[in-house]
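2 protein chains.
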Amino acid sequence: MAQRLIECVPNFSEGRDPAKFAAIRDAISATAGVALLGAEMDPDHNRSVMTFAGEPASVCDAAYAGIAAAQAAIDMRGHSGVHPRIGAADVVPFVPIEGVGLEECAALAHRLGERVWNQLHLPVYFYEAAALHEERVRLENVRRGGYLNPALPPDLGTLPLHPTAGGCIIGARKFLIAFNMNLNTADVRIAQSIARRVRASSGGIPHVKAIGVFLQSRNLAQVSINLTDFEQTPLYEVVERVRLEAAALGVTVAGSQIVGLIPKKALEQVAAHFLQVEKFHPDLILENRLRRIPSGT
Amino acid sequence: MAQRLIECVPNFSEGRDPAKFAAIRDAISATAGVALLGAEMDPDHNRSVMTFAGEPASVCDAAYAGIAAAQAAIDMRGHSGVHPRIGAADVVPFVPIEGVGLEECAALAHRLGERVWNQLHLPVYFYEAAALHEERVRLENVRRGGYLNPALPPDLGTLPLHPTAGGCIIGARKFLIAFNMNLNTADVRIAQSIARRVRASSGGIPHVKAIGVFLQSRNLAQVSINLTDFEQTPLYEVVERVRLEAAALGVTVAGSQIVGLIPKKALEQVAAHFLQVEKFHPDLILENRLRRIPSGT
Chain D
35 MAQRLIECVP
45 NFSEGRDPAK
55 FAAIRDAISA
65 TAGVALLGAE
75 MDPDHNRSVM
85 TFAGEPASVC
95 DAAYAGIAAA
105 QAAIDMRGHS
115 GVHPRIGAAD
125 VVPFVPIEGV
135 GLEECAALAH
145 RLGERVWNQL
155 HLPVYFYEAA
165 ALHEERVRLE
175 NVRRGGYLNP
185 ALPPDLGTLP
195 LHPTAGGCII
205 GARKFLIAFN
215 MNLNTADVRI
225 AQSIARRVRA
235 SSGGIPHVKA
245 IGVFLQSRNL
255 AQVSINLTDF
265 EQTPLYEVVE
275 RVRLEAAALG
285 VTVAGSQIVG
295 LIPKKALEQV
305 AAHFLQVEKF
315 HPDLILENRL
325 RRIPSGT
Chain X
35 MAQRLIECVP
45 NFSEGRDPAK
55 FAAIRDAISA
65 TAGVALLGAE
75 MDPDHNRSVM
85 TFAGEPASVC
95 DAAYAGIAAA
105 QAAIDMRGHS
115 GVHPRIGAAD
125 VVPFVPIEGV
135 GLEECAALAH
145 RLGERVWNQL
155 HLPVYFYEAA
165 ALHEERVRLE
175 NVRRGGYLNP
185 ALPPDLGTLP
195 LHPTAGGCII
205 GARKFLIAFN
215 MNLNTADVRI
225 AQSIARRVRA
235 SSGGIPHVKA
245 IGVFLQSRNL
255 AQVSINLTDF
265 EQTPLYEVVE
275 RVRLEAAALG
285 VTVAGSQIVG
295 LIPKKALEQV
305 AAHFLQVEKF
315 HPDLILENRL
325 RRIPSGT
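Chains as they are written, first to last, in the numbering used here: chain D, 35 to 331; chain X, 35 to 331.
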């Protein structure tokens, strides 16, 4: 049975009050047909991130429920936190998972935006694959000026933003893999040098963002990687390259961590690469075939 | 939603007559709740292999339907073929896939055996994890003497075997991964030497069977591997070892082939190994989490 699945990973401007956090989370998870995969509070940035998935219509309903709950719970006038933000339900991206394309996620973002503006009277911006203007593709551009002094007029609605809930940035993007590689050195400069050599912004590998960081708790340096399009740049390519750059600098990779979740397809690419499979196809995987089994009697 | 899945991979003593082959195949695939994953005729050996999966009770029903259809279609008295065999539905193994243990598959084999003897009057032998006697664990032992002159009395029923359909060997075993690694040499002796170094029977890696063969069509030597327990011996261990032995003999692995199907878990092990993930868990995979999503409204 073919599934149609998308994910939504909204950021809300509340990371300290457990009751407000719970109100938003529960509004999302109470929506029929969605599974809440994660919900995290970040007191430092006074933000929270929720991850949920399901069929497109259900995920859209849950996103709306979360935005409405955030509007009810959060008053931006009493808000503090270092992270730049435009509103209570700050950023709401849809992410294609299976049987759904990025274009459909962008269309869904537009439908959600209409509903948010029409029913909640929150001004809406569209970004990334849902952007209506080239200069609004990048989130940083849309968020510039923040809640109090937005640099751009909304795509739906007008300035000023909503007095207590601000605006809402809705969009569609590809799945992002967050992957950290730990080095057998405590020298953060080596991690920073490797990161510089592999990241796209300094001429490295397309779709790769990377920084070098020092992990105090483990006394080691780490290359922290975001891969924004694993279908264009397979994860194994990034890993092989980090290993080569590490070797060239006289260090090795001691271990790695997957942050959050990784799609099955990305792991299949890695396995097929390691195994040198000549003609890999997902139908070679038993479970992919089993999904077509009808329910038993 | 947790699934309970097993597979069944019966061998039938008919690999030349398309009508008889189709009759058996259709009896299996018409059973509610099972998916036919493969069905192959082998004219040389005059045998066919079918692969199907589903919930245990459905798979058991389909196996029974296949055995009954084979009994109706095949007359062993007019049978020829080099492969040793005991009956029309020669060997019927159940294989645990998900949420079901090997012991439960063995119990299912026993239930199927009772039904086959009571309703079809075919004498039944039990082998591998379903064996009732130590010396019947290995299929070769049970099959010794063949249809005309079986060396052992059946576990259910008595000799002589059924006049036209012989007996039926029913059992339970773990999933077998068939994996071939091609070398950048046409020298089959190198493949044979590598196979000897890695296979369990000559002191190599546990749960590994391997032979060296020459592929005429591609003019290259191949190490052909059966891994009978990938949970005890991960596939990556076999692959790394073959690469080492190949390098020691001055050749490299040019590519590989997965024969039949490979379980998701085996690929996850390979990916986690290549990526050096410190604490890999299947819950890190998006789709494994998504399976718990209730159906949308």
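No lab work stands behind these hints: they were computed from the structure. Any given hint could be a false lead.
Copies of one chain are not kept apart here, so a pair can be met inside one copy or by any two copies together.
Quick list of in silico lysine-lysine cross-link-like pairs, PhoX-like style, CA-CA up to 25 Å [said to hold, decoys possible]: (1) K313 - K243; (2) K243 - K208; (3) K299 - K313; (4) K299 - K243.
Just so you know, these numbers come straight off a predicted model, no measurement behind them.
Results for each hint:
In the homo-oligomer, the alpha carbons of K313 and K243 lie at most 25 Å apart only across protomers (23 Å), although the nearest pairing inside one protomer, at 30 Å, exceeds that limit. Taking the closest pair of Cα atoms, K243 and K208 come within 25 Å of each other only inside a single copy of the chain (14 Å); across copies the shortest separation is 42 Å, beyond that limit. Within a single copy, K299 and K313 get their C-alpha atoms as close as 15 Å, and across copies as close as 19 Å, so both meet the 25 Å cut-off. With identical chains, the CA atoms of K299 and K243 are at most 25 Å apart within one copy only, with a shortest distance of 20 Å there and 29 Å across copies.
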